[in-house]
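Residue numbers (this note's numbering), protein chains in the order written: chain A, 1 to 314; chain B, 1 to 99.
Honestly, I wouldn't trust all of these hints.
Stated by the list, open to error - Using 20 Å as the maximum straight-line C-alpha spacing, the simulated SDA-like pairs for lysine to any residue come out as follows:
#1 B:Lys16 <-> A:Gly265
#2 B:Lys37 <-> A:Gln268
#3 B:Lys37 <-> A:His249
#4 B:Lys37 <-> A:Thr253
#5 B:Lys37 <-> A:Cys252
#6 B:Lys37 <-> A:Val242
#7 B:Lys37 <-> A:Gly244
#8 B:Lys37 <-> A:Leu250
Rather than coming from a laboratory, the hints here were simulated on the basis of the structure.
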Amino acid sequence: MLPVQYEAYGLRWLSQFQMPELQIVQNSSQDAGDIDVHIQSADLTTLWEAWDVGNENFVSRDGSLFFRIEDAGIFLIEQGRRIIVNPKQDADEKKVRLFILGTCMAVIMMQRGILPLHGSAVVIDGWAYAFVGHSGAGKSTLSAALASRGYPLLTDDVVALTWDAGGRAIVSPGYPQQKLWQPSLDGFGMKEENYATVHAEITKYAIPVQHYFHERSVPLAGIFELNPKPDDVRKPIQLTQVHGLERLHLLCTHTFRSTLVARQGLAQWLFETVSRLSASVEIGRLTRSGSDFTAFEMVERITDHVRKGVHTEQ
Amino acid sequence: MKSTKQFDWKDRVKQKEGNLVSDMGGEKVMMSIQSGKYYNLGSTGGRIWELLSQERTIAGLVDVLASEYEIDADTCHAQVIPFLEHMSREGLIDVVYED
Numbered sequence: 001m002l003p004v005q006y007e008a009y010g011l012r013w014l015s016q017f018q019m020p021e022l023q024i025v026q027n028s029s030q031d032a033g034d035i036d037v038h039i040q041s042a043d044l045t046t047l048w049e050a051w052d053v054g055n056e057n058f059v060s061r062d063g064s065l066f067f068r069i070e071d072a073g074i075f076l077i078e079q080g081r082r083i084i085v086n087p088k089q090d091a092d093e094k095k096v097r098l099f100i101l102g103t104c105m106a107v108i109m110m111q112r113g114i115l116p117l118h119g120s121a122v123v124i125d126g127w128a129y130a131f132v133g134h135s136g137a138g139k140s141t142l143s144a145a146l147a148s149r150g151y152p153l154l155t156d157d158v159v160a161l162t163w164d165a166g167g168r169a170i171v172s173p174g175y176p177q178q179k180l181w182q183p184s185l186d187g188f189g190m191k192e193e194n195y196a197t198v199h200a201e202i203t204k205y206a207i208p209v210q211h212y213f214h215e216r217s218v219p220l221a222g223i224f225e226l227n228p229k230p231d232d233v234r235k236p237i238q239l240t241q242v243h244g245l246e247r248l249h250l251l252c253t254h255t256f257r258s259t260l261v262a263r264q265g266l267a268q269w270l271f272e273t274v275s276r277l278s279a280s281v282e283i284g285r286l287t288r289s290g291s292d293f294t295a296f297e298m299v300e301r302i303t304d305h306v307r308k309g310v311h312t313e314q
Numbered sequence: 001m002k003s004t005k006q007f008d009w010k011d012r013v014k015q016k017e018g019n020l021v022s023d024m025g026g027e028k029v030m031m032s033i034q035s036g037k038y039y040n041l042g043s044t045g046g047r048i049w050e051l052l053s054q055e056r057t058i059a060g061l062v063d064v065l066a067s068e069y070e071i072d073a074d075t076c077h078a079q080v081i082p083f084l085e086h087m088s089r090e091g092l093i094d095v096v097y098e099d
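Isolated chain B, as found in the complex:
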């Protein structure tokens, strides 16, 4: 499953500007001003979004999440990457690849 891995632990991610963000009954919801699309990040996704208000390496993000959600770093990484890929495809986050 790691054959299509796009992100490296050292890559840096950050929220992209230009989205409306709010809370709907405990879940983070967003709307892209550009596309008019709506997103529900859920509660965990909402926490990830908050953490990405400042630029972080994926390793740094996984560190925080693994401790907050009391899971091991590898499991956390495996769950976070698809989410970040999705956010990146939708143009919600900026990714700086570490060459």
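Chain A on its own, in the form it takes in the complex:
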């Protein structure tokens, strides 16, 4: 099988694995210099033994990260340029791809100095807004609700941040797929039988979103942490600003696979990166209470807020 060129997170990936989630590059270049990252299949068992890492499942050495997942396989991410995968025999391809699309790509970003935040991002009036939060906080649901109101999706799950020549933070497009939980499908009136489940997450569905995907990089205006309080009595959505050191903590907390940053000796890089980001964009927190489906109320709150900013009113 011929390798295929894909585009995601502002990088060009040449993959020996079929990745149906990703965007195929239309005018694929014959110039090897245009490829940023190679994704290859190889037998890594001898090398894994040679690294002799005892009981560790994640190991870093000289700018490379090696990891092993019980029922998926062994993965080596080298110097920001290469992902080598040794799938376990009979491993579920979907599960192997989850690790390539998630952990492996995030590690490539770290190795290349691209900050991966755990969240979704949409485009509102030409600016990117990112929503970060813990698993189940409602990031994908909120971005899906914004997309259904005409604000295109830039990325789901991982927000890839770089800087332009003028020092502005830039969000690169991820790929046109969203993962939504059952209650969100219900909230949007979507039928689960139309969608494939994401491996091992039986009530989470993969939704192709080509029709509302934004394919170009956009400067970042704000980051909002989603802070759900389902046990509290239902109140209107609160939007509060986050200042000072709390910003650093928020950004470190929501860095995708942040433990792998320290493991690769990149803690100082992360700290400098989040300090720089803290000083240049709005950072806020969106609090919702109760257990109702409030995604559309949040959309109103966010778009109101963004519009106010545009008209420079307080």
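Start from chain A and add chain B according to the hints.
The following block gives chain B in isolation, referenced to the frame of chain A:
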């Protein structure tokens, strides 16, 4: 106010290793890897931190700061000591006491 004075002019101070340090909009910010605590030293505190990249006596530190910030040594000393005490309590600097 000098009754609880801990530092002598001759004591030597230096940055402790093991902290992440960066700049956030002109202010020096730090994170202790050990405790996970965050600190904002501000701009003057950031300058003090820079000066402590090499070991100095408190007298030497006050000398540099007094000239850079154009204040007299006693005023400078009175302001620097509480800051150093705080940094020392938080484990951000090493202090060698001159016996």
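Here's how the hints hold up against the structure:
| no. | hint | result |
| --- | --- | --- |
| 1 | B:Lys16 <-> A:Gly265 | 19 Å, holds |
| 2 | B:Lys37 <-> A:Gln268 | 15 Å, holds |
| 3 | B:Lys37 <-> A:His249 | 9 Å, holds |
| 4 | B:Lys37 <-> A:Thr253 | 13 Å, holds |
| 5 | B:Lys37 <-> A:Cys252 | 12 Å, holds |
| 6 | B:Lys37 <-> A:Val242 | 17 Å, holds |
| 7 | B:Lys37 <-> A:Gly244 | 13 Å, holds |
| 8 | B:Lys37 <-> A:Leu250 | 13 Å, holds |
Every hint from the earlier list agrees with this structure, and none is contradicted.
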